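**Student:** Protein chains in written order, with the working numbering: chain A, 1 to 355; chain B, 1 to 355; chain C, 1 to 355; chain D, 1 to 355; chain E, 1 to 355.
Since the hints were derived computationally from the structure, they do not count as laboratory data. Note that the coordinates shown come from a computational prediction; the quantities given were computed from them, not determined experimentally. This list has only true hints and no planted wrong ones.
Note that identical chains are pooled: a pair holds if it fits in a single copy or bridges any two copies.
Subject to a maximum C-alpha distance of 20 Å in a straight line, what follows is the list of computed EDC-like cross-link-like pairs (lysine to aspartate or glutamate):
#, residue 1, residue 2
1, Lys214, Glu197
2, Lys138, Asp108
3, Lys214, Asp201
4, Lys83, Asp108
5, Lys31, Asp150
6, Lys214, Asp274
7, Lys62, Asp41
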Amino acid sequence: MPPLSLLRGKPKQPGLPPGTLVNASREKVSKTSIRLFDFTDTNYVEKPVKSVNDLKGLASSKSVSWIDIVGLGDMKVFEALGKLFDLHPLILEDVLHTEQRPKFENYDNVLYIVVKMFSLDKKENKINSEQISLILGKHFVISLQERPGDVFEPVRQRIRDGKGVRRRGPDYITYMILDSIVDNYFLVLEQIGERIEELEDELLADPDQKTLHKVNSIRQEAIILRRSIWPLRDVVNRFERDENALVQPGTRIYIRDVYDHTVQVIEAIETYRDILSGMVDLYLSSVSNKLNSVMKVLTVIATIFIPLTWIAGVYGMNFEFMPELGWRFGYPMIITVMFAVGIVMLIYFKRKKWM
Amino acid sequence: MPPLSLLRGKPKQPGLPPGTLVNASREKVSKTSIRLFDFTDTNYVEKPVKSVNDLKGLASSKSVSWIDIVGLGDMKVFEALGKLFDLHPLILEDVLHTEQRPKFENYDNVLYIVVKMFSLDKKENKINSEQISLILGKHFVISLQERPGDVFEPVRQRIRDGKGVRRRGPDYITYMILDSIVDNYFLVLEQIGERIEELEDELLADPDQKTLHKVNSIRQEAIILRRSIWPLRDVVNRFERDENALVQPGTRIYIRDVYDHTVQVIEAIETYRDILSGMVDLYLSSVSNKLNSVMKVLTVIATIFIPLTWIAGVYGMNFEFMPELGWRFGYPMIITVMFAVGIVMLIYFKRKKWM
Amino acid sequence: MPPLSLLRGKPKQPGLPPGTLVNASREKVSKTSIRLFDFTDTNYVEKPVKSVNDLKGLASSKSVSWIDIVGLGDMKVFEALGKLFDLHPLILEDVLHTEQRPKFENYDNVLYIVVKMFSLDKKENKINSEQISLILGKHFVISLQERPGDVFEPVRQRIRDGKGVRRRGPDYITYMILDSIVDNYFLVLEQIGERIEELEDELLADPDQKTLHKVNSIRQEAIILRRSIWPLRDVVNRFERDENALVQPGTRIYIRDVYDHTVQVIEAIETYRDILSGMVDLYLSSVSNKLNSVMKVLTVIATIFIPLTWIAGVYGMNFEFMPELGWRFGYPMIITVMFAVGIVMLIYFKRKKWM
Amino acid sequence: MPPLSLLRGKPKQPGLPPGTLVNASREKVSKTSIRLFDFTDTNYVEKPVKSVNDLKGLASSKSVSWIDIVGLGDMKVFEALGKLFDLHPLILEDVLHTEQRPKFENYDNVLYIVVKMFSLDKKENKINSEQISLILGKHFVISLQERPGDVFEPVRQRIRDGKGVRRRGPDYITYMILDSIVDNYFLVLEQIGERIEELEDELLADPDQKTLHKVNSIRQEAIILRRSIWPLRDVVNRFERDENALVQPGTRIYIRDVYDHTVQVIEAIETYRDILSGMVDLYLSSVSNKLNSVMKVLTVIATIFIPLTWIAGVYGMNFEFMPELGWRFGYPMIITVMFAVGIVMLIYFKRKKWM
Amino acid sequence: MPPLSLLRGKPKQPGLPPGTLVNASREKVSKTSIRLFDFTDTNYVEKPVKSVNDLKGLASSKSVSWIDIVGLGDMKVFEALGKLFDLHPLILEDVLHTEQRPKFENYDNVLYIVVKMFSLDKKENKINSEQISLILGKHFVISLQERPGDVFEPVRQRIRDGKGVRRRGPDYITYMILDSIVDNYFLVLEQIGERIEELEDELLADPDQKTLHKVNSIRQEAIILRRSIWPLRDVVNRFERDENALVQPGTRIYIRDVYDHTVQVIEAIETYRDILSGMVDLYLSSVSNKLNSVMKVLTVIATIFIPLTWIAGVYGMNFEFMPELGWRFGYPMIITVMFAVGIVMLIYFKRKKWM
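In isolation and in its complexed conformation, chain A is listed as follows:
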């Protein structure tokens, strides 16, 4: 039951002082790799970064920088990062404790956004969750993810292509990253939708206890997805409306678009839940129907043959004086009576539609 384990995460060990940097990510990727995208209207640089010190000066330079970090294993990187960009200790703690609830925090000098990303593990037919942190400053945005993956690849490609993106600021980069994450939700929804449709066919054909376990398991997944995505609605909404100088008015309308998509995702999950709970009803009634049909067979056979057996029993009695036994046509007569009784009963059951 893997989804349940998603529930047990705790943001930090009880009693640890806030701001203690411990990698609490379930993914133990010890390597932390950094990639820098730095551009202005006219210039464009993309390069891997070996040491955080190479990023010095970016925080105040007027070019737009996207610091794209994968893997949360190297504590020194985060300590250096914290000093370089003047990040509140709680930001670094939240980045590393990957069981956060999606949230939006305005720390005056930066905006801090935590969201969940889901990816399909087609082999094991399950959904993996990953925490993405976004730190948006005046001239930079830092994205942090647990595992390497290609969800942000289209964003990188668009920066490489240029196409007007380079004239915009780090807020727009943040928007693009959020947008690609939310777009990714639709893929997950689509897979769940397909599994629901398969289950509906199974329910119509020949459902058994396993079908119900599958329904229940998708229901649990939907519950947990919902739990992760529901707060995102509020996060994106506050990102759009928060009063700060870090998000430009022209970008807000794009964030609004992400908000609409988030709401759409949530509504789809709610709809799935409604549909799944209807499927439980269908399953339970199909079990009852099966019982009914089993009982009808038993009843038909038993009510036909039990009286007949009694008749046979009567003429198997050993009384000395049973005149019928001596009759010439006693036997065929009684056989005829038996068939008559049987046929009458069959007609009765036909009428009752038990056969």
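Fit chains B, C, D and E to the known structure of chain A by using the hints.
**Tutor:** Relative to the frame of chain A, chains B, C, D and E by itself:
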């Protein structure tokens, strides 16, 4: 299960940059046809438009124009339209990705409204959904729909008739279009209501597993309708209350009327859902009742004949010393005893109302 | 299933222009009768009105007028009324389309209130619904109802009696009418409550499938009542709080009282729904219990006699060498064994409380 | 089903003019007894009051008066009271119609509070409800209850004792009365809690249909209690926050304390409802389990003996040529076969854990 | 059923005057032990305190003091404490009545916070609840708990260690205590989560009535936990946002972090509840499936052997003229017929998948 597929739409391919114009409508109508209604108090022109360029000058002319576009296949039309009327790239993207949630956006120069329209496909007994976009500017309104259809025909007719409509602005045209869409919902509701009544009769007569599948299928339709219409409430409300110069005060009271009808539609759907969930209870209990009546027949027959068969069996035993067997009236006596037992049991079952 | 039909009403034919006057009331009362109550502190006139023209001058006269209209059949009356009292076309449309949701609209010169009135049809054991429109102006109030009825009679009587009422304005008359409508709801509630109590007795005594259908039918009625009364809460609240010069401060506290009663009605309906859904559980469990008791009888009889029948069968076998058959007391011995087995089983079942 | 009757009350006879003084209390206590507590920092008077006229002057005197009225039978008292303290006619009407919803009304000169009090009728194991009205003026508070009872006794005692109470105003007296009423709710909750615990034991031991009826009956009580106490939350909240000169700031923090207790009562009721609905599931599943165990007994017995009976039947056939019948050890052989079959089946059932 | 008893607490004996100091804690720890942590940037004192008088002067001294009190048995301590720190009588009352709802009160001179702490009693597999009160003044914070325990130990340790904590004020100490309490919730959640996973395995393997009782018992625990933690959300939120001089802006962002964790705990509990209610469905359906499989065995055996027994019965009849009985191969023929019938039926049941 067609309604489910409605759920899987995604507003755009993951990772595509915003503003990319791709026709994502499920309806692949390649032709895009445009019809222009242009009028003032005194003049009235209605004509098909071949090229978007023919619309030049309308955006700034003081006459009221309704640009009525059907079919979303021709990308060039939309690019030209975007330039001509100075539309934000997100508007055009949303127009073409027809899985939007109903929404209202105020882009300063225009108001952008997305709503869903439903039409009955009586042949296949299903509900088709279509996205309608409305772009309201100072002197024009653009309506975009996926398929040709006659839902807007009454609106066109009223403009042709004149009757005071021509003295009003494009906001009133927008109202009339919304009104005709919401009025159309009532037709869909009526059809669903009729199917629910049919199902209620079926439930009272002779329900089987198919009845439940039908109930479930209407329930799913209601869930999905609700999902599409629920946000409309907010859309129309914001359309009425939004502070802008594009909607005149005199029109707002009419929009309020559309709002009331939208709420009425939503409440009717909620009521349907309540009624449908009561029907599931009825069905489940009717299955139990059937099982009960089957079991009663079995029990009555078995409990009457099993003891009798035992009596017969006793006198079928081959003991040498069984005095009853030699009695002159042993046989009729035992037959009488059997009937007596049978009749006593029948009376017992009558009293228990099992027969 | 009459209540369902209440759901299918649509406020107007799709596509009809707003303000078209068509009588869409389900009640086809062609006659429209008007009764005028006109009074000041000192004067009092009550008379039937033949022609709307006789009402001229009332709108501006300082006396308080209540124009009490019954029957919505005569379109000319409403057109004339609209002109005389300067009513917005949407008001007249809403008056005539009697499937409106309860609503409150402030049209500057008048307040327009739509509410539902319910009356008991004791013969058919169903609830009839009727739409009441109230139009409150500076010196007049117009009430419009579909059918003649005596619900407003106490209001009329109090005006005739005088008793301080005549010193008050048309807002107080409106309050009195609303109050008498809401008071009437309690009668409907009381009838529903009585039927619920009857059903509870039936559930405790001997419930069958019909009981459940009755429970379901009351549940549907409660759903539909709730749908009509729920918006009334908002209507009365806005009537109390709306900022306008038409309602005097002294009257508002009375309207607040109506509001409290409306909330009480809604809460009672909610409580009924909770109770009814508990009754469904009771019914379903009583069906299961009946099945249990049927199965116990079958099991007791079958498990006692099937082994005995086997014993009889054994001694009915025709083996040549069965020493017991020749024993002198073989037969009574085996009969004794049979009774012993039967009694042991009976004791076992007694202990298990199956008998 | 006594609690249901609580639901049917209507605040007044339909059509009666507001302000009509009719005793609509279900308790027909004709006598109305009045007790006066009048005190300042230094003085203290407690005395029964024969005539309302004896209260003259209290409304304006600077001493704090608590007019403690029991029994709502004497209309003249209330008319006189209304005049003396200048009470709005609606207050008097609400005092007398004891089916009010708890409410808080600010009538400028006085605050009017209606709450419900519950008391345990241990003999009949039911909950009685009583309406308490509190009218708080500048120098006085009037409390009105339907029946004599000792719930206010601690309040009276504290006034007699002095202990700082006499330095406070009538708002503090009102707080003390409210506090003693809400404290009393906890006693009712405790009794319900005890009955729930008893039912849980019953459910674990040997539940039958009666258990479910008890669960349902407590559920109904909880529904109705909730209905009476839920609005109290709002009442107390508004009493605390309402802007008026009648409640002193120092008293508000005490009212806040009552508010907290009210919320606690509501939450406890909600929790009871959740627990009770879990108990219905438990009951239903215990019924299914019983059916299962009945069916297992039947199945075990029937599937063991039916095949054995067939074997006996085979050797009871009268064919002339059945070689086994002549065998010397045919009979013991077949008996052995029968026992073997029986034992194999028993082992099979043991394994399936049906025994 | 220990959790239920948590519900029955009442904040104080009915009718007791507010401010009466009575130890109503369920834990009867008569000893009250006090520990003082007093520090400035440079100094640090930690010592046990014998008498409250030793605390004199702390309230006004500029050093930060944490007065850590365990055990609520000694009334004199609390009276002295109340005078020394000028605490409102309601605070002391709430401290001692340990059935409070979590709450936040701003008493101008101090902030008063009540929260619940849970600890695992691994021996009895139950959750103990304890009330923690926090009183935050300008230069001090008083924490009061019912039982000694080591949940606050990490907080104490951090103060001893120094590490920047000593530069902060009592608001930060309060934050640290709240944080350690909320962190502790995750441990309780984890234990519940583990028990849910065990139950899921049990449900998949071989569920019986006990499984359901366990599900129900965890459900009750979840309901009661939720009841205690839900108001905490509001408490922490108000602690963060309350306008006062006692909480410094720099601390508020830390409190916000506690808020996020609280929300996470609540959401996890909600998710557990959803999952548990899905488990009830699974259990109920597994019971039905078991019944189905029992009935199938019965039906298969009975429908095979009952007709065969009838055939045997027919040839056990004693008619004189039954030609088959004299046939040479009558017996093997009829045995063959019987086997044929049996095999046909077995094939039929195989096809129906009943075997």
